[in-house]
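Visitor: One letter stands for each residue in the lines below.
There are 2 protein chains.
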Amino acid sequence: MAVQTAASTTDSTTVDLGSAAALSCRECGHRVPLGPVFACEECFGPLEIAYDFSAYEPEDLRKRIEAGPANIWRYAPLLPVPADVADKPNINPGWTKLVKADNLARELGVTGGLYVKDDSGNPTHSFKDRVVAQALEAARVFGFTTLSCSSTGNLAGAVGAAAARAGFRSCVFIPHDLEQGKVVMAAIYGGELVGIEGNYDDVNRFCSELIGDPAGEGWGFVNVNLRPYYAEGSKTLAYEICEQLGWKLPDQLVIPIASGSQLTKIDKGLQELIKIGLVEDKPYKIFGAQAEGCSPVSVAYKAGHDVVRPQKPNTIAKSLAIGNPADGPYVLDIARRTGGAVEDVNDEQVVDAIKLLARTEGIFAETAGGVTVGVTKKLLENGVLDPSLTTVVLNTGDGLKTLDAVAGTGLTATIRPNLESFREAGLA
Amino acid sequence: MAVQTAASTTDSTTVDLGSAAALSCRECGHRVPLGPVFACEECFGPLEIAYDFSAYEPEDLRKRIEAGPANIWRYAPLLPVPADVADKPNINPGWTKLVKADNLARELGVTGGLYVKDDSGNPTHSFKDRVVAQALEAARVFGFTTLSCSSTGNLAGAVGAAAARAGFRSCVFIPHDLEQGKVVMAAIYGGELVGIEGNYDDVNRFCSELIGDPAGEGWGFVNVNLRPYYAEGSKTLAYEICEQLGWKLPDQLVIPIASGSQLTKIDKGLQELIKIGLVEDKPYKIFGAQAEGCSPVSVAYKAGHDVVRPQKPNTIAKSLAIGNPADGPYVLDIARRTGGAVEDVNDEQVVDAIKLLARTEGIFAETAGGVTVGVTKKLLENGVLDPSLTTVVLNTGDGLKTLDAVAGTGLTATIRPNLESFREAGLA
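First to last, the protein sequences are chains A and B. Counting from 1, one number per residue, gives the positions in the first sequence under full-length UniProt numbering. Counting from 1, one number per residue, gives the positions in the second sequence under full-length UniProt numbering.
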């Protein structure tokens, strides 16, 4: 079942994944039926979902979405899921807050409207719940009974939680020497949590081996053989942002880059809304954000390259620390095509940005959120972002998961329990 | 401004807090105008909000609520807030998931429908965001410029975040030797975080001193001089549960007890919905849940007492560790009046229940959630809870904040990065 390429070249399929019609190669356009495959049999390019949205009338679809549940399944007609998806047991992420960040806007000098899309509100407090929820539905349709992944943190928790809710077995692979907090968060859901004696690359390599082996039969690796479905979950960020803006495209978006998948799928989601007629067509710019200690896409962007040279990551923004991002070239293309850019900030700027966002908006972001806010600040200072335009910045995770990054933050005063001591400390 | 009792006895007031009409003493019924006061000038009983809901027609109100925002402000007509509350900067908590817990129901033998109201989805991941959001609106109306509280954790983070968003100064008092994680979470929002050399009782005593001193002028202590407003935030749990059940009362609710305020206000909220006609009147039972190491209300309930004898807390459920719960007698009254009960579980049962909920439903609860789930299990085993009735269990916080309680949870296996090692570990 878990094969890497598909034999058939027809679009005919017996699986019900809504308006998803086929898998299509991003490189050569070759189409294969929907299945648990991720690489093109012709050119080994990445497969992605091709849809048939031709039956949708924009006003009807808009009403149907607005009457839907307060989670990603309101967009079921635009996702590779069965029509009755909302009735099946899943973690039901999404419909997170789009916070109008007026205090932050004032500090940064943004006048056109600044918003933070805060995905720390998801069930396991990161955007990974969106992609895992999609992969889970695909796993169900394809008859997998075990949900798996390689991970260093957020993904492990999201897979463990979703599998538990949906009644799947889960088996998650992580480097054996991860921080205790991440291990607990991944283990609490009761699935198998296997430590691999090696680093994250070793974990990844082992998972690829397992997919090709009979032992991996019946296993859905959310970020490998279910990747085409998994990745579509990121489109829901685009849909929600536009709906929350009153069915309008923002002018500028600042999006973190790990593998680059999220950024490319947000662009795909925006393009779909335009094509279907749910939003008015107008230009928008997409900006990619990296940490300086893992900035292969930013470096390539600045050098004018089309290819991305891998880096060995060294940054506190560990959820973005992918040194060889699979979708890097597509990110470069989107940033250039839309008139955006790719920028990076150093770890000190990441920490400052986490504190800035918390102090101005009461949002405690993961290091990845520090990267996007920090890059937003830098791009404004450099005149690359236009402060007079509507700008949306993504926070994809929760500060509680990366406490170490801001461990220096603490008491502003220590006093004895009396008013005299209170006055002496200058607090009155 | 921050006086403890009010001089006037009329209901006339110039503040706009919606349908809130006056403050009324819970003990003697004495009414005073809305103001930053919390104790009755006649009998020193606790003051609570009295409303005028006479203008509401149920169908109109229901439609108005359903068309409202996806947060607690959809219930603005039933809360002590101005009509335009949703337009003001606040943390906007609520409308958290009511999870149909079919897996947990199966394990516990519940056939009548089991639901978990999961308040870990709030902005700072605990139900405290609900009460702080209310207190903030009262603080704004009464002209306070500093938001304050005494806290050992969840409340500190909620106050810090809400003050940041709303542009208030914040000054939060905690024991100086709290765990680093809680300190970081409280400090990150940039307000004053003052460590008191002493225990939580010393912190509380100092705060009471400060309220009576000119140095406390202009300070709104959310859980002291703003307590009548603050406490009303818990009513929104009752509203949401009923609306999410299709405007129906549940048959049984299991609610944690710290001060007891939350339980009493949920009962108040249910009663309001019945009186206004938003739900059909029928009996419901309220069950209180405590940890054995801090079980003053449970002990009093079982002994048939009307008064609660204080305890010195010693439990891992620190967010419930109030040894002298102010609303304990009211909780006893509600449990007995509705045909419910109060029960407690020990720390081992709390940890088991945290794991049970995670394993069955993918919800990682704080220790307080372990208490309610553990008590639910115990009450079912003892035949006190009826498994054939619709039951709602509250999870009021997030497991990420109490990682220490489940620190023993970890890897299920460690292997070398190859298939042979994988097979040897029996994972195939």
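Source of the hints: derived by calculation from the structure; they are not laboratory data. Glycine is no exception: its CB is placed at the ideal position from the N, C-alpha and C atoms. Be a bit skeptical, because a hint or two may be false.
Interface residues of chain A toward chain B, partial, derived using beta-carbon atoms under 7 Å [stated by the list, open to error]:
#1 Ala164
#2 Val184
#3 Phe206
#4 Glu209
#5 Gly212
#6 Leu403
#7 Ala405
#8 Leu411
#9 Pro417
#10 Gly426
#11 Ala428
Here are the simulated distance ranges between beta carbons [stated by the list, open to error]:
#12 B:Asp87 to A:Pro387: 49 to 57 Å
#13 B:Gly218 to A:Pro387: 31 to 39 Å
#14 B:Phe53 to A:Asp177: 39 to 47 Å
#15 B:Glu209 to A:Asn324: 39 to 47 Å
#16 A:Gly68 to B:Lys282: 28 to 36 Å
#17 B:Lys248 to A:Asp201: 23 to 31 Å
#18 B:Lys248 to A:Ala70: 55 to 63 Å
#19 A:Gly29 to B:Ser388: 27 to 35 Å
#20 A:Glu107 to B:Asp16: 44 to 52 Å
Visitor: Each hint needs a verdict: does it hold in this structure or not?
Guide: Status of the hints after comparison with the structure:
1. Ala164: Holds, about 4 Å.
2. Val184: With a minimum Cβ separation of about 5 Å from chain B (threshold 7 Å), the hint on Val184 of chain A holds.
3. Phe206: holds, 4 Å
4. Glu209: Holds - the Cβ of Glu209 of chain A comes within 7 Å of chain B, reaching about 6 Å at its closest.
5. Gly212: Nearest chain B Cβ about 10 Å off; hint violated.
6. Leu403: holds, 5 Å
7. Ala405: Result: violated, 10 Å to nearest chain B Cβ.
8. Leu411: holds, 4 Å
9. Pro417: The hint holds - Pro417 of chain A has a Cβ within 7 Å of chain B, the shortest such distance being about 4 Å.
10. Gly426: At about 10 Å, which exceeds the 7 Å cut-off, the nearest Cβ of chain B leaves the hint on Gly426 of chain A violated.
11. Ala428: holds, 4 Å
12. B:Asp87 to A:Pro387: 49 to 57 Å: violated, 24 Å
13. B:Gly218 to A:Pro387: 31 to 39 Å: At roughly 34 Å between Cβ atoms, Pro387 of chain A and Gly218 of chain B fall inside 31 to 39 Å, so the hint holds.
14. B:Phe53 to A:Asp177: 39 to 47 Å: violated, 59 Å
15. B:Glu209 to A:Asn324: 39 to 47 Å: Roughly 60 Å apart at Cβ, these two residues miss the hinted range, so it is violated.
16. A:Gly68 to B:Lys282: 28 to 36 Å: With Cβ atoms ~30 Å apart, the hint holds.
17. B:Lys248 to A:Asp201: 23 to 31 Å: violated, 53 Å
18. B:Lys248 to A:Ala70: 55 to 63 Å: Violated: the Cβ-Cβ distance is about 19 Å, outside 55 to 63 Å.
19. A:Gly29 to B:Ser388: 27 to 35 Å: The hinted range 27 to 35 Å is violated for Gly29 of chain A and Ser388 of chain B, with Cβ atoms some 57 Å apart.
20. A:Glu107 to B:Asp16: 44 to 52 Å: With a Cβ separation near 31 Å, Glu107 of chain A and Asp16 of chain B fall outside 44 to 52 Å, so the hint is violated.
Going through the hint list in order, the structure does not satisfy hints 5, 7, 10, 12, 14, 15, 17, 18, 19 and 20.
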